[in-house]
Amino acid sequence: MFAEYSSSELMSIFAMQGFAGLILFSVFVLMALGLAIIFGQMGVINMAHGEFMILGAYITYLVSNLFSQHFPELFSYYFFIAMILAFFATALLGALVEWGMIRFLYHRPLDTLLATWGLSLILQQIYRSVFGAREVGVTLPDWLMGSYQLSETIEIPVNGLFVMSLAIAISLAVAVLMYRSRWGIQVRAVVQNRPMAGAVGINTAKVDRMTFALGCGIAGIAGSAFTMIGSTGPTSGQLYIVDTFLVVVFGGATSLLGTIASAFGISQAQSTMEFFISGSMAKVLTLLFVVMVLMIRPQGLFNLKVRR
Amino acid sequence: MLQQHLRTLMGGKEWVGFLILAVLLIVVLPLTLDIFRLNLVGKYLTWAFVAIGLVLCWGYGGILSLGQGIFFGIGGYVMAMFLKLESSDPESTKIQSTPGIPDFMDWNQLTELPWFWQPFDSFLFTIIAILILPALLAYIIGAAMFKRRVGGVYFAIITQAIAAIATILIIGQQGYTGGVNGITDLRTLMGMDIRTDSARYFFYFVCVALLFVSLFVAQYIRKSKLGRLLVAMRDKEDRVRFSGYDVASFKIFVFCMGAVFASVGGAMFTLQVGFMSPTLVGIVPSIEMVIFCAVGGRLSIIGAVYGALIVNWAKTALSESFPELWLLAMGALFIGVVMAFPNGLAGLYSAHIEPRLLKLLPKKNTPAAPIASPVKEGTSS
Numbered sequence: 001m002f003a004e005y006s007s008s009e010l011m012s013i014f015a016m017q018g019f020a021g022l023i024l025f026s027v028f029v030l031m032a033l034g035l036a037i038i039f040g041q042m043g044v045i046n047m048a049h050g051e052f053m054i055l056g057a058y059i060t061y062l063v064s065n066l067f068s069q070h071f072p073e074l075f076s077y078y079f080f081i082a083m084i085l086a087f088f089a090t091a092l093l094g095a096l097v098e099w100g101m102i103r104f105l106y107h108r109p110l111d112t113l114l115a116t117w118g119l120s121l122i123l124q125q126i127y128r129s130v131f132g133a134r135e136v137g138v139t140l141p142d143w144l145m146g147s148y149q150l151s152e153t154i155e156i157p158v159n160g161l162f163v164m165s166l167a168i169a170i171s172l173a174v175a176v177l178m179y180r181s182r183w184g185i186q187v188r189a190v191v192q193n194r195p196m197a198g199a200v201g202i203n204t205a206k207v208d209r210m211t212f213a214l215g216c217g218i219a220g221i222a223g224s225a226f227t228m229i230g231s232t233g234p235t236s237g238q239l240y241i242v243d244t245f246l247v248v249v250f251g252g253a254t255s256l257l258g259t260i261a262s263a264f265g266i267s268q269a270q271s272t273m274e275f276f277i278s279g280s281m282a283k284v285l286t287l288l289f290v291v292m293v294l295m296i297r298p299q300g301l302f303n304l305k306v307r308r
Numbered sequence: 001m002l003q004q005h006l007r008t009l010m011g012g013k014e015w016v017g018f019l020i021l022a023v024l025l026i027v028v029l030p031l032t033l034d035i036f037r038l039n040l041v042g043k044y045l046t047w048a049f050v051a052i053g054l055v056l057c058w059g060y061g062g063i064l065s066l067g068q069g070i071f072f073g074i075g076g077y078v079m080a081m082f083l084k085l086e087s088s089d090p091e092s093t094k095i096q097s098t099p100g101i102p103d104f105m106d107w108n109q110l111t112e113l114p115w116f117w118q119p120f121d122s123f124l125f126t127i128i129a130i131l132i133l134p135a136l137l138a139y140i141i142g143a144a145m146f147k148r149r150v151g152g153v154y155f156a157i158i159t160q161a162i163a164a165i166a167t168i169l170i171i172g173q174q175g176y177t178g179g180v181n182g183i184t185d186l187r188t189l190m191g192m193d194i195r196t197d198s199a200r201y202f203f204y205f206v207c208v209a210l211l212f213v214s215l216f217v218a219q220y221i222r223k224s225k226l227g228r229l230l231v232a233m234r235d236k237e238d239r240v241r242f243s244g245y246d247v248a249s250f251k252i253f254v255f256c257m258g259a260v261f262a263s264v265g266g267a268m269f270t271l272q273v274g275f276m277s278p279t280l281v282g283i284v285p286s287i288e289m290v291i292f293c294a295v296g297g298r299l300s301i302i303g304a305v306y307g308a309l310i311v312n313w314a315k316t317a318l319s320e321s322f323p324e325l326w327l328l329a330m331g332a333l334f335i336g337v338v339m340a341f342p343n344g345l346a347g348l349y350s351a352h353i354e355p356r357l358l359k360l361l362p363k364k365n366t367p368a369a370p371i372a373s374p375v376k377e378g379t380s381s
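From first to last, the protein sequence lines stand for chains A and B.
Taking my numbering, I'd label the letters of the first sequence as residues 1 to 308.
Taking my numbering, I'd label the letters of the second sequence as residues 1 to 381.
It cannot be assumed that every hint is accurate.
[Said to hold, decoys possible] If we take Cβ atoms under 8 Å as the criterion, some of the chain A residues that face chain B in the derived model are:
(1) 69
(2) 70
(3) 101
(4) 117
(5) 132
[Stated by the list, open to error] Okay, the calculated beta carbon distance ranges per label pair:
(6) A/135 to B/315: 23 to 29 Å
(7) A/169 to B/323: 39 to 45 Å
(8) B/360 to A/135: 42 to 48 Å
(9) A/277 to B/89: 52 to 58 Å
The set of hints was computed from the structure by calculation and includes no laboratory data.
Even for Gly, the Cβ is constructed at its ideal location relative to N, Cα and C.
Same shape as in the complex, but just chain A (with noise of 0.2 Å):
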């Protein structure tokens, strides 16, 4: 199947897909980094997480307008306030549900994985009462329009750019909190022993709603990055939720550099398969690839030894 391209051609074509590859991985990495703080360090199935990112795209979308209604002179930074509202939105509504609903049922993961689903479904419809059913898209301010002209074939559009740079930032803020900061000490001390750890004065209740919180901000911000690339709609979330949930496990769920690795590994080889051979086929031989290792290799590609 290469024989029909040059190399030069080739090598613009890996060079213009592993690039389309890398938004789809920070993508990812925004998506699964929620995802891996809620499921990977509280064993919590959450599977209306899609839908928490779809609120912060909402909220993206409403500060937008907005900023274009109101204050026009103002619109090229409207993004950042609306990053910012995102993430404290949906950790606010994050903390509300592990109130009422998540923190009934820690020793019952399973069930949490139906009652998020109906949360989502809720969601949903909210959504779809509010927004309308048809998807919605904002507008990019001016700098983060165009492109950079590599060589004559190779063009990278600003806006992946961003929500690279942005993926970048947070996964190493996300990295900085739990791994060099007294409130991640105590979060990691709740999830390998919760009777040790509310024994030796942690707050166990209030670790797990900020954690759970965190995740579902992080998700907002994802949300908020991800208007920048595609419209959302109401079950917009839907169409991710899986392919996060198996990045998170692929790369082993209590492992946040597995998450990342895996979420390159995932979306670069969908996004090169993409090119050759029909999208669909491609994430097909991507979902079984991962299926099958996972069958191999049950606790991911990066686990933390851990005696339980």
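Based on these hints, arrange chain B on the given structure of chain A.
Frame of chain A, contents of chain B only:
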């Protein structure tokens, strides 16, 4: 010997529940509903097959499969392939560029019947495939997972991913599977028109009969030593393993049984509804199937039938009159069942109604129920 088996099957007062269900499905509903509604009930019952399998896998075995839609789809598609081939004889497809192949293949520029479609000319092969194919797939998945002691959450996510793969594959391979539309325009089964009222009555009763066969098989498994081992495994897998049992093969067996039930349900779905499409295979229907089981009661096979009937009836009724309310109601149902009554309707019945009924009856020496409620799930992962 036979008597002993029968006692295993229907020990104690459980036969009353089966009798009530039988009277309801065989006498009451056919007499009170017109054929359109009865056909709907028949459609709901096809999901009851899946729910019964889930009671065994999830309620008793503690393995939650989010991919039951695949097995439902295998049964449904296999049956649909047979019916499609029967209805695309050269005579009725003579306007196509290649007569004698299903219409969607013709639209997708296929000129020859693919090799994997060819055996489905035979009814016997179709029936065998409905039973064997899902069991085979379930065996492969189950053996790969349970031999490595993967369970709980990971099993759920992987089965879900397989359901996603199946849908993408079906939609992508339009020429072989009919794509998004699925396999439609099915007309006859062995010369009998499946769209007439008499055929619908016939399929309804076949469906009920098969449902009772499944119920009896499930009841037998539940009451036998295997059923008790399953509960023991669900509650503390290591203890069973240390007692010298091969835990994995029990789990594989029960997962295969669930798959076969689901497949039979799928085949009956195609016969009664007249089409099969990928919207019945993917993640969303698979999770809905779990909720049928959860609403009915994850520990009660009869409850599973009622769960499938009630949830689907509510879905039809609500989406007829308030289409936007349906998702809200369904979501609330999910949350309510999990939070408030994890053992479903059957749990409510045995906790609240049964004791009061028993008070009314003359006192007899009733043995205590042998099956404990699920305490902790997912501890086996």
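Worksheet item: Honestly, which of those hints from before does the structure not fit?
Response: 1, 2, 5, 8, 9
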